[in-house]
Structure formats: structure tokens, C-alpha cells
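A.B. asks: Construct the complete structure from the given sequences, taking the supplied hints into account.
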Amino acid sequence: MIRVDVATPEMFEAVLPLFDAFRNPPIPPEHWRRLFHYSWPCAEPMRGFVLKDGDRVVGFFGTILYERTIDGHLEKFANLTSWVTLPEYRNHSLRLFNAVMEIKDRTLTCHTAIPSIDPLYRRFGFKDLETKWIVLLPLPSAWRPGGWGRGHITMNPEVISTELRGVSREFFVHLRTADCRQMLVTWRGARCHVVFTHTKGRRAHFSRIHHVSNPEVFRACLDHIRWRMALRNRTALLAIDARLYEGPLPVYSRETHLAQVALYRSHHLRPEQIDNLYSEVTLLGL
Amino acid sequence: MNEKIFRILADTLGTDAAVMTEDTSTENTPEWDSVAHLNLVLSLEKAFGQRFTPEEFMEMQSVAAIKRVLASHGVS
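Protein chains in written order, with the numbering used here: chain A, 81 to 366; chain B, 8 to 83.
Just so you know, the hints here were simulated from the structure itself, not pulled from any lab data. Beta carbons are placed, not taken as given, at the ideal position from N, Cα and C, and that holds for glycine. Hints may be right or wrong, so weigh each one.
[Claimed, not checked] Label-pair ranges, simulated between beta-carbon atoms:
| hint | chain 1 | residue 1 | chain 2 | residue 2 | range |
| --- | --- | --- | --- | --- | --- |
| 1 | A | Thr88 | B | His80 | 34 to 40 Å |
| 2 | A | Arg245 | B | Glu62 | 45 to 51 Å |
| 3 | A | Cys122 | B | Asp23 | 32 to 38 Å |
| 4 | A | Arg314 | B | Lys11 | 37 to 43 Å |
| 5 | B | Met8 | A | Arg83 | 29 to 35 Å |
| 6 | B | Val42 | A | Arg282 | 16 to 22 Å |
| 7 | A | Glu90 | B | Ala25 | 50 to 56 Å |
| 8 | A | Gly229 | B | Val42 | 30 to 36 Å |
| 9 | B | Gly21 | A | Arg282 | 21 to 27 Å |
C.D. replies: Pasting the structure below:
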């Protein structure tokens, strides 16, 4: 009998073969494990849903659960990840989708909805979350001499751990073992915590920024940040989610509309209140 | 109504409407995979001016089932 069950952390080993069957290039098992064993506190054991034929796991739809305080309110999220079903059970895969859509008490986010599935999400109440990036070359501005050296930047985890306070330090600790990188920018006594990944694009690899704790410091030190990030990641381009960057476009940059947009469903949150920090993007380094 | 359903099926799956019958289903139509199914049900919603529940999305996996669900919405 084919049925849908809640996925729990203990099911990781049973679900792992599904990931191996579908991911190309393969992602190491220890990375997939992050979807089941979080590095942050989570009272709920749910990690998504499994489709089972008897005792055999034949499908999976993952949810990464986390909470954030936004405008003084505790908000609950579920980032949707990895909807996979063995070919002979594809006619049952919508049962997994149905189970996920029944999650009513959380804001749902989806960063990897392929274009063919996009209309389905929208049909069930999802809207645009991340639609465009600002793409920058790692070049200093010629008419802002010295900008390329503005601020102090460290990517040393020990130093960042010591310097950060409050919620930024929590982010740092929770994501320290994830497949993302972290940077601390200090300028005129103010700090900016930046989280970024090394992303493999179809035509080029690039650095992608997911979190900026202090937009003012970030903008002021951008020339410095972009060449340091490019050097650290060995990438020629830097992409910033346009929601994270206010004001006129920086020099040597342009806006790019995404072919595969991120989506979300929420009763009350706006796109600019949601970031990618606790998502498959940072956990798996996508 | 059969003709309209067959035409939507053929357009969505890229197959010939002439070979469709009441028995056409996901079981005997290789082109009718999970992604095609989603697009098919969304096309049916648009064509018949209906909104289906997730359960109905899953149920509509044959021409006969599609007609049954449409009938439950008062479409015949």
C-alpha cells in the first residue's frame, strides 16, 4: 500500500538513495544530511514528507523548518526542497505536494521551483520572492578612489565568532558548517555580517550574496567587498538578490531577471522581509 | 465534452486527439507524466473555469476520472 508519512531525522538513510538517483552532479551525503539534522534548535521533528510503498521510501518532499523574528514577531518558515519520486511512482508524487500544501501555520519558500512547476505553485497561492539579481564585476570604481580598500574585512571564522553579537552571531553559528561562506565588514565602528555562496552557473561560476546585516556599511564598502569575495571564491562575477540592495545600481553592474524565480506563500510577510539564510541554497551551496 | 477534453489532452501531452478514448490514462500514455499532469489540470481549470482541490488534482489521472471530477463541479 502506498502512503504518505511525515519524514523525520531518523529517516535520512532511507531517503538518501533517492537523492543519489536524481542529483547530477551528485551532492555528498554529509551535505544532504543537513536537511535532516539541523545546526539550529527545532522543536518539530518534521523534515518533510515521504512516499512509502510498504516499508520502502519511494518519494520525498523536504521542508527545512526554522524561525525568525521579524518586526518583533516570531515567524515560522518552511523552505521547500528536493521533491523527488522514483519514476514508477510518479503518478503518486502529487500526494507529497498535497501534504506540503497542507502546512498552513508557516510561511513557505521555494528557491528551486523549475519553470515547468512554477504555475502549480502559483495556483496554490505562491508569489514572487526573488525575481532579479544585481550582477557585478569585481572591479573597483574609478571615480571613487580608495573605495576598493574601504572598511576592514575578515573571513576568519574565529574572528567573526568573537566580533558578532546577538542574532548575527546565531546566524554565524547555525551556518558555520553549511556550504556557505561568511564575511564580517567593519567600517567607522559599525559591523556588517555578509553570507554568500559559491554558485555554479551554466556559463560561469559566481559568488552569490544571501544576507546583509547592515545595508549602509555594505553599500559603503561594496568595492572592497566585491573584489575580496571574488578572490575568496575565485569567481569573476558577484550576484546580489536585488531585494538586499537599495539605491542606484553600483558601477560595473546590471540587473538580471531570473529565468527560475524563487517563490513564497505567506499570510502577511512581504518579499523584502524574507531571505535565503536557512534554505537549501545555503545548506547545500546551490 | 469528450472532444474538448481530448483536445486539451492532446495539446498538453503533444499527442494525437484521434487516438484518445475514455480509457486514456496515466497508465497507458507515456507522455502523461507528472509534470504534464500538472499542466494538464491547470489547462482544464482554465478551459472549464473551475478550481480543483489538491485531492482532485491527484484524482484526475484518466479521461474517465477527469469527467467524473468535472461532473462533481456541475460541468457535463
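A.B. asks: For this structure, which hints from the list above don't hold up?
C.D. replies: 3, 4 and 8
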